[in-house]
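Participant: What follows is the residue order along each chain.
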Amino acid sequence: MVSKPHGGRLVDRVVGEPRRARLLKEAKEMVSLAVSDGIAADIANIAHGVYSPLEGFLTQEDYVRVLDDMRLSNDVPWTIPIVVDVDPEEIAGVREGDEVALEYRGETIAIMKVEEIYGWDKKEFCQKVFKTVDARHPGVVKTMNRKELLMGGPIELLKDPPEPFENVRLWPKETRVLFRERGWRTVVGFQTRNVPHRGHEYVQKAALTFADGLFINPLVGWKKPGDFRDEVIVAAYRALIDNYFPKESVVFAVLRMEMRYAGPREAIHHAIVRKNFGCTHFIVGRDHAGVGGFYGPYEAWDIFREFPDLGIQPMFIREAFYCEKCGGIVNEKICPHGDEFRKRISGTKLRELIRNRREVPQWMMRPEVVKVVLSFENPFVE
Amino acid sequence: MDTSSSRNGGRRAKYTTVSIPVTLYNRIKQLIEGTGFTSVSQFVTYVLREIVADMERERLESEEVSEEERKRIIERLKRLGYL
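As given, the protein sequences belong to chains A and B, one line each in that order.
If you use this note's numbering, the first sequence corresponds to residues 1 to 382, in order.
If you use this note's numbering, the second sequence corresponds to residues 1 to 83, in order.
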């Protein structure tokens, strides 16, 4: 049986007709707030149950508990504060209890009932979520540039933000039906923000060996410069799955959600999200959601010990490498050979080869994937 | 119920007291020596969370998707090539 939604119930805050038409009319009389790409994605994720049990943006009590204890005020595990930031002048005249229209690219996409407006300490947020206030951390930079106040309260979605990858975007309600239709009882979720190299493929197949199905769910949305562009990731995975995976064992769908680069805390968040999609297991990689040297390579593994009630089983699979003596991709648990035989699949090295359009060895990346990646003039985020 | 709050950086973390037999308390105290658990309360909270989550999971009934919605979803999945 697929995993139960986090908190017990799959949230659905999508408004149907005729209420939608009425709310859209009423929204014209409300204070309207323009939201960023990331917040628009969060709004859709809340409404479609990706962030179950959240029904809106965190109110202060939940915000404080998430920062301090990594749990919501009802004790349900939650590690990343989902917040909407506003400037005082934007919400002049808005009182707690009012409704505001949330606007994205000139269109009203949601209504929010403002339960609370409260101040926040951005440095404290960074220290607790990212474990640093270092300005070299992309999450810190982004947070410090956010607005002065936070607004908490439930939302109702009137219109999905536009999605360029609509044909490969599924919501939890859909994956849950899909997994059942395929007869999967155990489903492994795989989070990624990269094009797949042989190490990723090894980890995915190692996990799939023991499960009914694999859910490959790359993030699309804001990423730091130097990361692969969304369309490159999607095309590269298509090439890999078409050539190297049994199609009946894999589901590939994108998730529009910003990377926070919050390492261990974000690993838990990624697991919760995949639980809501119906996954029973979740692969936690080396330096999961990490950036630079801000987190230990296996720090994200340790944090799972603090959540016996998470409701999704983490799968810790060690980093894969190519061993000349074994003649294949292996990991240190199953390969007895020394470093002289081992070739590391370095993401940095791989990006460098691709950037300079040099030959990528087959032990690093499948040729079909390389071909697709190189078909893009610039595969990287500027 | 006996509830109390502890101040932590100006914030209140709420706790309540439950009773367990002293003999059990002593056994747990011994058991957690040298482990990552720093108190009996911490251990009991950990164990209870695990059990409560399991029980809640068992209690929940199957998905709340109507037959009509399920059909609509299956149609979309077929159209997209997932089924």
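Mixed in with the good hints, there may be bad ones.
Straight-line Cα separation of at most 27 Å, DSSO-like style, residue types lysine-lysine; simulated pairs [claimed, not checked]:
(1) 159(A) x 14(B)
(2) 14(B) x 123(A)
(3) 71(B) x 247(A)
(4) 343(A) x 205(A)
Since the hints were made in silico from the structure, they are not lab data.
Participant: Need the list of violated hint numbers for this structure, in ascending order.
Facilitator: Hint 1 alone not satisfied by this model.
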